[in-house]
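2 protein chains.
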Amino acid sequence: MRIAELSRTSGVPVPSIKYYLRAGLLPPGERTAPNQADYTEKHLHRLKLIRALIEVGGLSIAAVGELLASLDAHGTNLNEAVGAAMQATLPTTTSSDSGFLEEATRLVHRVLDKRGWQDHDPVQVETLISAVETFQRLGQPDVETIIELYADLVERLAPKEIEWITTRDSTDGVVEAAIVGTFIGGRAFSALRSLGHEAAAKKRLPQVRLESTPPATEESV
Amino acid sequence: MRIAELSRTSGVPVPSIKYYLRAGLLPPGERTAPNQADYTEKHLHRLKLIRALIEVGGLSIAAVGELLASLDAHGTNLNEAVGAAMQATLPTTTSSDSGFLEEATRLVHRVLDKRGWQDHDPVQVETLISAVETFQRLGQPDVETIIELYADLVERLAPKEIEWITTRDSTDGVVEAAIVGTFIGGRAFSALRSLGHEAAAKKRLPQVRLESTPPATEESV
Numbered sequence: 001m002r003i004a005e006l007s008r009t010s011g012v013p014v015p016s017i018k019y020y021l022r023a024g025l026l027p028p029g030e031r032t033a034p035n036q037a038d039y040t041e042k043h044l045h046r047l048k049l050i051r052a053l054i055e056v057g058g059l060s061i062a063a064v065g066e067l068l069a070s071l072d073a074h075g076t077n078l079n080e081a082v083g084a085a086m087q088a089t090l091p092t093t094t095s096s097d098s099g100f101l102e103e104a105t106r107l108v109h110r111v112l113d114k115r116g117w118q119d120h121d122p123v124q125v126e127t128l129i130s131a132v133e134t135f136q137r138l139g140q141p142d143v144e145t146i147i148e149l150y151a152d153l154v155e156r157l158a159p160k161e162i163e164w165i166t167t168r169d170s171t172d173g174v175v176e177a178a179i180v181g182t183f184i185g186g187r188a189f190s191a192l193r194s195l196g197h198e199a200a201a202k203k204r205l206p207q208v209r210l211e212s213t214p215p216a217t218e219e220s221v
Numbered sequence: 001m002r003i004a005e006l007s008r009t010s011g012v013p014v015p016s017i018k019y020y021l022r023a024g025l026l027p028p029g030e031r032t033a034p035n036q037a038d039y040t041e042k043h044l045h046r047l048k049l050i051r052a053l054i055e056v057g058g059l060s061i062a063a064v065g066e067l068l069a070s071l072d073a074h075g076t077n078l079n080e081a082v083g084a085a086m087q088a089t090l091p092t093t094t095s096s097d098s099g100f101l102e103e104a105t106r107l108v109h110r111v112l113d114k115r116g117w118q119d120h121d122p123v124q125v126e127t128l129i130s131a132v133e134t135f136q137r138l139g140q141p142d143v144e145t146i147i148e149l150y151a152d153l154v155e156r157l158a159p160k161e162i163e164w165i166t167t168r169d170s171t172d173g174v175v176e177a178a179i180v181g182t183f184i185g186g187r188a189f190s191a192l193r194s195l196g197h198e199a200a201a202k203k204r205l206p207q208v209r210l211e212s213t214p215p216a217t218e219e220s221v
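Residue numbers (UniProt numbering), protein chains in the order written: chain A, 1 to 221; chain B, 1 to 221.
Treat the hints as calculated values from the structure; they're not laboratory data.
Bear in mind that the values here come from a model prediction, so they are computed numbers and not experimental data.
Treat the hints with care, since some could be wrong.
Since the list gives no way to pick one copy over another, a pair counts as held whenever it fits inside one copy or between any two copies.
[What the hints assert, rightly or not] Calculated pairs, DMTMM-like style, for lysine to aspartate or glutamate (alpha carbon to alpha carbon, straight line, at most 20 Å):
| hint | residue 1 | residue 2 |
| --- | --- | --- |
| 1 | Lys202 | Asp142 |
| 2 | Lys114 | Glu126 |
| 3 | Lys18 | Glu41 |
| 4 | Lys114 | Glu155 |
With the rest of the complex left out, here is chain A:
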């Protein structure tokens, strides 16, 4: 298909498609004339993935670029692909002299060693340590209890997600499912977590309610 049709079918404006082509996010179409190229279903699918990661996953163009580069590099693997993207999306944490760093590092290694999670991706371990250190620096109590709770739930969640990811008929399909599962799935989990908090808070603290505004239907009747 021509670029105009690719734009119509995907809902992505032509200038954006041209931008993704220049940035290397979208592979070039097959040239059919000096100023004309032909695009396939593969381009359409890739375009949908790009938009999903930017709009729903909240990734930057640069992060999507890194992610897709690793998706395209053969011989790569799930951890590397997702790790590269995670790295691109992480805020730059400055090392801190708060004195909590050593304590946080020990806490994190206790939690990981207990579960036999070896050869950990150092980017994720650092993120976790930095979050734990922040909890401690801000004087939050029972940090290890909370991290243990998270790790227990992840032990239930992760094998099922990996099972879901690996039921694909191609390596590309598996890698794409890992990316979509990580970012879009992560977004879904976090929205559900907020909704769960809302429900749990209402049960525990019946006085904590959203200020009720009169329903619009009554006003308009």
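Start from chain A and add chain B according to the hints.
Same frame as chain A, but now just chain B:
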């Protein structure tokens, strides 16, 4: 304490502190001379919270501003405070004509209604619908199974997090714990989830390994 000491104790450079003061993120100190102000432990604590949300939580200055404004507004509640910040951190999702929207909306309401999660924060419901729609648009299978799995885990997680949040001796403490738990805790959970994926993938797919590079210690011996 003077601004120089606030800077030394917190590790935040004076120009950044001045910027947070101008932006209203940090309340002004008590003026002791025309060009001098006095800051308290409260300022120090607030400064730590600001840096944590920016550096570890990955929030923008604008998002932190909205969050702290709701933290300071009395009569507000947890859901509103966190909801406002979430809204500031969400990518702008464009409404889509993919035809999956209706299906995604029904799926999300089935999952929520099943759990009696009523009066849901519409921002979070929309985020969830948008994630589900994206899964479907990208042709991912068994979307409802995955969302049900997430919701089941959240049903275990959320009441314990709310219990953790509410064991504070002041309303301010509860609201701050909710904010820190949502953003810094969310970051910790997501790092643990990646580490759990890595461990589960190695168990399920022993061939999917990080390319082993020779250990540095052997090289240097």
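message: If the cut is 20 Å between Cα atoms, do Lys114 and Glu126 qualify within a copy, between copies, both or neither?
response: Intra 18 Å, inter 38 Å, cutoff 20 Å: intra-copy only.
query: How would you label the pair Lys202, Asp142 (within, between, both, or neither) given a Cα cut-off of 20 Å?
result: neither (23 Å within a copy, 31 Å between copies)
- prompt: Is the C-alpha distance from Lys114 to Glu155 at most 20 Å within one copy, between copies, in both cases, or in neither?
  reply: The answer is within: 12 Å in one copy meets 20 Å, while 25 Å across copies does not.
- prompt: Is it within, between, both or neither when you check Lys18 against Glu41 at 20 Å Cα-Cα?
  reply: This pair counts as within: shortest intra-copy Cα distance 17 Å, inter-copy 53 Å.
When each numbered hint is compared with the structure, a violation occurs for hint 1 only.
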